[in-house]
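Throw the hints in and build the complete structure from the sequences for me.
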Amino acid sequence: MSDTSNGFSRRDALKAGAVLAAPFIARFSRAAGPMAGKRMGYSMSFATIEWLVTQRRGVEDSARTAGFDLVFADARDNPAKQVRDLEDMITQKCDVILISTYYAEAITPAVKMINEAGIPIVVLSSTLKGDISWTCHLSTDTLGTARSAGEYFVKTLGGKGRVVQIEGKPGSVVNQLRGSGWNEVIAKNPGIEVVKHVVANYERMQALRHMEDILRSTQGISAVYCHNDEMALGAIKAVREAGRSKELWLSGYDGIQADALQAVYAGDLRATWQYLPFGAEAVDAAVKILQGAKVPKEIVFPSPLITRDNVAEYYDAKERKVRPFKSQIKA
Amino acid sequence: MRDSRIVAFGLRWSHLLALVGLVIVASVLSPYFLEFRNIMNVLRGASVLCIVAVGMTLVILSRGVDLSVGSILGLSGATFALLAATDVRLAIVAALAVGVAVGLVNGLLVAWLGLQPFIATVATLIAARGLVYIVSDGANIIVRDPPSWFEAIGSGHLGPVPVPIFIAAAVVLALWFLLAHTAFGRHVYAVGANEEAARLYGVKVRLIKVLVYCISGLLAALASIIQVSRLTVAEPNAGQLIELDAIAATLIGGTTFDGGIGGVPGTVLGVLILAVLGNLLNLKGVSPFVQMVLQGGIIVIAVVVSELRQRRR
Chain A
279 MSDTSNGFSR RDALKAGAVL AAPFIARFSR AAGPMAGKRM GYSMSFATIE
329 WLVTQRRGVE DSARTAGFDL VFADARDNPA KQVRDLEDMI TQKCDVILIS
379 TYYAEAITPA VKMINEAGIP IVVLSSTLKG DISWTCHLST DTLGTARSAG
429 EYFVKTLGGK GRVVQIEGKP GSVVNQLRGS GWNEVIAKNP GIEVVKHVVA
479 NYERMQALRH MEDILRSTQG ISAVYCHNDE MALGAIKAVR EAGRSKELWL
529 SGYDGIQADA LQAVYAGDLR ATWQYLPFGA EAVDAAVKIL QGAKVPKEIV
579 FPSPLITRDN VAEYYDAKER KVRPFKSQIK A
Chain B
45 MRDSRIVAFG LRWSHLLALV GLVIVASVLS PYFLEFRNIM NVLRGASVLC
95 IVAVGMTLVI LSRGVDLSVG SILGLSGATF ALLAATDVRL AIVAALAVGV
145 AVGLVNGLLV AWLGLQPFIA TVATLIAARG LVYIVSDGAN IIVRDPPSWF
195 EAIGSGHLGP VPVPIFIAAA VVLALWFLLA HTAFGRHVYA VGANEEAARL
245 YGVKVRLIKV LVYCISGLLA ALASIIQVSR LTVAEPNAGQ LIELDAIAAT
295 LIGGTTFDGG IGGVPGTVLG VLILAVLGNL LNLKGVSPFV QMVLQGGIIV
345 IAVVVSELRQ RRR
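Chains as they are written, first to last, in this note's numbering: chain A, 279 to 609; chain B, 45 to 357.
In short, the hints are calculated from the structure, not lab data.
Mixed in with the good hints there might be a few duds.
Covered by chain A, per the in silico footprint, the following chain B stretches (three or more residues, Cβ under 8 angstroms) [what the hints assert, rightly or not]:
id	stretch
1	72 to 84
2	173 to 184
3	268 to 278
4	317 to 327
These numbers were taken from a predicted model, which means no experiment stands behind them.
Heads up, the beta-carbon is just placed ideally off N, CA and C, and yes, glycines get one too.
Put into structure tokens, the structure is as follows:
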């Protein structure tokens with residue numbers, strides 16, 4: 279994404295992605311039930327954090343609507359198992375395979391086999407790597423969003439402050455980009471210092487424990503940059519218990535779960551960038567591929583900033599319900 | 045001879061010395077370490093592991109092992125969070141019952157079917173985690189608007205001291221008493237030291253085995269209630285790998301896999317050593333990956349030391 283340097287800004291990229299995606303999605307929401315008799319594989323490296331659960335539910339619901347016979351596998355955070363899962367999907371003669379992975383490099387051998395078998399691949403979020411190919415990759419402009427998160431920090435802090443960074447799972451491409459894009463911008467602002475940097479594996483409890491320790495050892499923190507909302511919610515708890523909510527603010531990513539959006543609504547979470555789970559969109563892409571239609575190889579979705587000002591568009595505070603995701607892409 | 049007496053003293057009190065040494069190092073290296081709030085954070089953070097590890101100690105003393113504690117923690121937590129919307133008291137009882145039930149399965153598999161504890165509890169580890177994903181659909185189960193007394197279990201204070209510390213202390217005292225001063229405790233040691241001899245002595249070996257797994261399950265469930273109360277959410281992956289930390293703490297504390305040797309006080313020291321080390325490294329900003337390597341090293345050292353201690357006897 280060095281596009282920014284030659285005048286093609288992130289916003290343009292996002293717009294392009296949205297434009298590409300909008301007609302494509304609108305067309306597919308009408309194409310219900312045509313996939314009867316077709317088998318779709320859906321392999322995840324890890325299925326049990328909120329964002330991925332939302333993705334899985336999206337895939338399951340849409341696959342049912344489309345009439346797919348869905349073969350689902352969760353590698354339980356084990357790259358070797360994901361390789362076996364993918365091999366099994368070839369054996370089961372899947373017509374299309376959706377891949378969601380934290381282990382782009384590790385699963386390359388299996389992806390090669392899928393290529394050799396001529397089965398189309400739809401990649402969700404984290405990209406694949408190595409000498410392999412795929413048919414369609416749905417992603418958010420993670421790096422661009424991370425850069426704009428950096429800019430949000432610079433602007434909101436007035437170019438000055440001490441910040442803490444809480445990272446997700448090492449090995450996840452998305453996690454790395456959320457770090458590098460943000461760091462890139464922060465590094466250009468010498469007034470902003472990253473005083474602590476920890477890994478909490480996208481988990482709430484780990485973030486809570488780390489934040490407790492950080493709060494003991496570090497005074498005058500201005501803001502906390504968390505690589506997802508789960509960790510932000512854990513950190514918020516630690517900050518509140520330490521009685522330091524007035525001193526600092528926090529940001530997260532994903533903007534899809536009710537308690538995170540509730541925290542934005544309540545003013546506990548200053549900002550989050552919504553990260554579409556792609557479940558329904560991926561199934562739409564699979565349908566289109568199997569119908570022989572042309573699908574863009576890369577579809578980039580926008581990742582809007584959610585703050586207290588616009589949280590109502592994403593979250594119904596009265597019902598405590600998250601508003602449906604797909605409608606936002608169409609809009 | 046004086047030298048050997050010093051060595052003997054060092055071996056006898058090695059855990060305590062290690063903890064004291066670590067605390068001294070920590071307070072020199074970090075000015076924040078000895079702050080009251082930090083100490084309370086460390087102890088509160090350690091309380092969940094402490095409760096689980098004490099149960100683990102009981103099982104290991106009987107020459108078994110309970111690898112399913114993490115899954116029990118997850119399953120009891122999910123059970124609790126699901127029922128909390130109806131009645132929090134009922135939810136607590138149900139969560140504890142689930143813990144005992146999984147423990148009972150472990151105990152029956154080991155004592156009556158004669159499965160290796162490792163195999164039996166790996167089976168329940170997998171099955172119970174599967175149940176967690178089934179009941180939660182792999183998602184967080186949020187406890188909506190819990191009564192304040194419930195949140196106090198995990199987040200509250202009695203005076204300046206967080207509630208989980210009292211709960212962990214009570215568990216430690218109860219289990220210590222049970223092991224050191226009751227017939228049940230003597231029987232656990234006897235079964236661990238020599239099952240055949242214990243049987244000849246009239247110890248109900250099977251019953252003792254079932255009971256230790258039930259207690260371990262109960263304690264894992266208790267730990268889950270503290271954790272869910274603190275986060276007001278039951279995470280589907282909660283407790284994963286805590287069995288390894290619990291075993292590590294037990295080994296560092298001088299309880300051995302050969303059964304019959306060790307006890308609760310050592311395990312508490314083991315938990316504290318791990319907690320203080322983690323806290324110190326966090327305060328100093330040491331990478332979490334380096335922390336794992338150090339933790340592995342400490343286990344090796346601890347096991348070697350307790351081996352030396354055995355040999356001198």
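A quick look at each hint next to the structure:
Counting residues of the stretch 72 to 84 of chain B whose CB falls under 8 angstroms from any CB of chain A gives 5; the rule of at least 3 is met. By the rule of at least three residues with a Cβ nearer than 8 angstroms to a Cβ of chain A, the coverage given for the stretch 173 to 184 of chain B holds, with 5 such residues. Note: the stretch 268 to 278 of chain B has 4 residues with beta-carbon separation from chain A under 8 angstroms; the three-residue rule is met and the coverage holds. Figure legend: the stretch 317 to 327 of chain B, annotated as covered by chain A; annotation consistent (3 residues with Cβ-Cβ distances under 8 angstroms, at least 3 required).
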